[in-house]
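Asks: The lines below spell out each chain.
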Amino acid sequence: MDVRFENVSKTFGKSAVVDQLNLASDDGELVVLLGPSGCGKTTTLRMLAGLEDATSGDIFIGDERVNDIPTQNRDIAMVFQNYALYPHMTIAQNIAYPLRVRKIARDEINRRVNRVAEMLEIGALLERRPRELSGGERQRVALARAIIREPRVYLMDEPLSNLDAKLRVQMRGELKRLQHDLGTTTIYVTHDQAEAMTLAHRVAVMRAGKLQQFDTPMNIYNRPANRFVAEFVGSPSMNFIEGRVDHSSYKFASDALTLDLDESHLARLSGRDRVTLGIRPEHIEVSTADHPGWLAATVYVTELMGNETFVFLRVGGEKIIARASAEFRAEFESRVFVKIQMERTDFFDSKTGLRI
Amino acid sequence: MMRSLGKNRSHAATVRGRETALPYLLIAPTVAVLVALSIYPLIYAVRISLQTGSGEAARWSLANFTRLASDKFFIEALAHTFIYAVVALTFEFLLGLGLAVLLDRPLRGRSLFRSALLIPMMLPPVVVGVVWRLMLNPDFGAINGTLKGAGVNTESLTWTASPVLALASVIAVDIWQWTPFMFLVLLAGLQAIPQEPYEAAIVDGSTAWQTFRYVTLPLLKPAILIALLLRTMDLLRVFDQIFILTEGGPGFSTETVSLYIYRTAFRFSDFGYAAAMSFVLLLLTNIVSVGYIRLLQKQEAA
Amino acid sequence: MSERYAARKVAKSQSPAKQGRPGATRTRLARWSKYVLLSAAVLAAVTPVYWMVTISLKSEVDQFASPPRWFAFTPTLAHYYDAFFTRSFAKYLTTSLTVAGLSTICAVTLGTLAAYGLARFKLRGKLDQRLSLWILSTRMFPPIVTAVPLFLMMRDLRLLNTITSLVIVYTALNLPFVVWMMRGFFRELPRELEEAAMVDGDSRLGALVRVILPLVTPGLAATAVFCLIVSWNEFLLALVLTQTDASMTLPVGIAGRVTQYEIKWGVMSAAGVVAMIPILAFAMAVQRYLVRGLSL
Ligand SMILES: Nc1ncnc2c1ncn2[C@@H]1O[C@H](COP(=O)(O)OP(=O)(O)OP(=O)(O)O)[C@@H](O)[C@H]1O
Ligand SMILES: [Mg+2]
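Residue numbers (the working numbering), protein chains in the order written: chain W, 233 to 588; chain Y, 3 to 304; chain L, 468 to 763.
Don't read these hints as lab results, they were simulated from the structure. Using N, Cα and C, we set each Cβ at its ideal position, and we do this for glycine too. Any given hint might turn out to be false.
Pair by pair, the computed Cβ-Cβ distance ranges are [to be verified]:
(1) L:Leu590 to Y:Val292: 21 to 31 Å
(2) Y:Leu70 to L:Asn628: 26 to 36 Å
(3) Y:Ile41 to L:Leu544: 33 to 43 Å
(4) Y:Pro224 to L:Ala688: 23 to 33 Å
(5) L:Leu544 to Y:Val292: 47 to 57 Å
(6) L:Thr684 to W:Gly367: 38 to 48 Å
(7) Y:Gly153 to L:Trp537: 15 to 25 Å
(8) W:Ala337 to L:Val676: 16 to 26 Å
(9) W:Asp300 to Y:Pro224: 43 to 53 Å
(10) Y:Pro199 to W:Glu474: 22 to 32 Å
Based on the provided sequences and hints, a complete structural model is requested.
Replies: Okay, structure coming up:
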């Protein structure tokens, strides 16, 4: 079932936590809400769940406006960040709860509990209590409780954030596969951009209650709508250089450095003066040897990641991060040379931050 | 889906309505009971305290309040209450703190000691009265009996029957009964103090006394305040044990404000004057309870 | 808790001042004096109670013996028989049980619902917080202050000397306590538990019954026991409101014997022992919550 937010706002007291949100998912889509802490992701999800009332605007599940429908009648399932397992019930009872309150026959419940437990490989845990489980196991139980029913929508609020890094990556894959198999619309909240990129069909990036961009992971990464999205997505972050466009000499000049522009750049930048140039670390080449047209830089520090090296550089007064191969070696303060791949640059309006 | 849609919608509004009304429905009975049995009686008391005479002859006047200032019994009852409260509070606090410190560290038989020490506090006040009437009876009480056995002349030691010793005796009984309360609250406070400050103090080379003075006491302050405030409120209103032990006597030597109010209302049926006096008591305890509530609020906020 | 002490012990043994022989002797001395002091305190706490128990079991000859007979006496149950079969103490006992039981049920039921409302809903204008504090403040009234008007009110309602009046008054007496205790227990449970239940399709009251109440059951039981203790022990209001054999509680019955001219010490002690026993049992039952309950 598709989900739609139309001009939805939420204010606590005076502050608008969600501001004029418009968002529409397709049926069966996995939408990730991504944004920094406090940007209103959880609040958005809770409004969809009916745990919080929208101050204004309309929320739809399918064709039904759900604003006035109480949580228990919205036919949704939710995985909470801290799982919210019922501590006094066994795992089997936890998973069975959504069916129990719907007064489904006992053998039908047992059958479905066993099926879901098998699917998530928690069959051996059914008689235990939540406190006897590890974090990863609890996470699966919370998931099992959500998928035992076939709700219209799954809501997940940072379901993986309490797991260690390895388990997180593993569960991430399993979640993606599960969602694909079930084919149920899922709204997934996270502030981890890697999670968003790997899981989502489409990512909705939020900032301070406002939707910044809603698009596929590829487009979010390659065509960020504004400087905020460009900076938030990608690790290490995109480099930004403030400067001026000189239309007559085909140059982009900051205080520290000058870069050559071509026709296509100028076409895009026509009529502009001050702009911000953005370039991702992987689009900067670094070498200890000089090449014609490369810029001289000083190494501040290098971080070997195993499969690659992050090189923190000073080019003139600008601080820039570049991504180099794992074999790249350079001393502190040594002199190296960089090439900015001009065809991969993005430009942003210096005032509004919008991509040009 | 489409079929259930209409159904959902039709009762959605009522469920919503109930949800917003729900907290009020839950709270209302309690508020009603408290208004009827705590607030209304207070208003009732205000009314009768402002009236003299009864029935048809009742007149509005401040006589009950002006009378307070010149009432020797009342002033004396106030004095007894204060002495009782100050002395009992001091001893209960110091003894309770001492016992709490003794039992703070692990010790063989610790929980047994703790449980045994709490017994007096749990007893019904009336039973405390009975227990101490038996202990303090001048003729066959255990105390005088033991003293006699040791060769002490117990002739003048009539305890609760002696105008000189009666107040001290009832205070001693209070200390016996309520030191355990101080002990319990302070012990809990001590045990809630984390280990690190002690370790830091030892590393910094402080002596046992310095550690107690500069680490333990400041960290224990919230527990101390709670215990002192609660005890003070209880001490100012003391009634039960004194009523059983001495009924305020001999003479009026152990009559506290609560006892005097009781006597005025239920022996002399002077309800208006009793109500007037009870407002003085309420005012006194209120000063303490405001402090207590502030403290609780601060703790809740933290 | 035990880990903490283990750590403290380690810290202690590492402290240079406390090492070596003189230190060890001092520590041993300190431990012995600790035991002596604590034993003295326990003796002081328990002896008077023990004395009452012996009086309740002694014949009159043994009661009035000098020097006092602490251990050497022939026990008899005559006073218990006298109190509960020839005198009215059995009646007082049933009255006490009835009043304590009924008022506890009322207070716990009403108070728990209110506590849930106050713990889980944000009301307009911080009404939830204000109400909570107001409820707590009614607990601070000295009983004598309300005793006088309550007596007159009950007289007007013709409820003096009835069990009903005591049940009503004790319900009000315990309500603030129940509200604050239960509010604390509810607040300790994560809000997400009810939210999860509602997402799973349960109503709010269903979530309360199926998810929340089972989780606060230990606290609820402790709260109820505290109410029983308070109602059982209460004296002043019972004294004011009930004066007939048919309506008075055990404490009032005992007090009547104590203050009358010719005192039957054995009967009084026997009744005292019986009044004390359930309380000690209750206190054992709520050990874990004692501090929390008593510092409210
Ligand atoms: N009940 C509330 N009352 C007042 N302010 C609230 C309430 N709930 C949330 N807020 C505020 O709304 C903002 C958004 O909160 P929300 O929980 O939606 O953030 P989030 O994006 O989920 O952040 P996180 O990643 O940290 O979970 C925050 O600034 C928060 O302080
Ligand atoms: Mg959140």
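Asks: Going back to the hint list, which numbers does this structure go against?
Replies: Of the numbered hints, 3, 6 and 10 do not hold.
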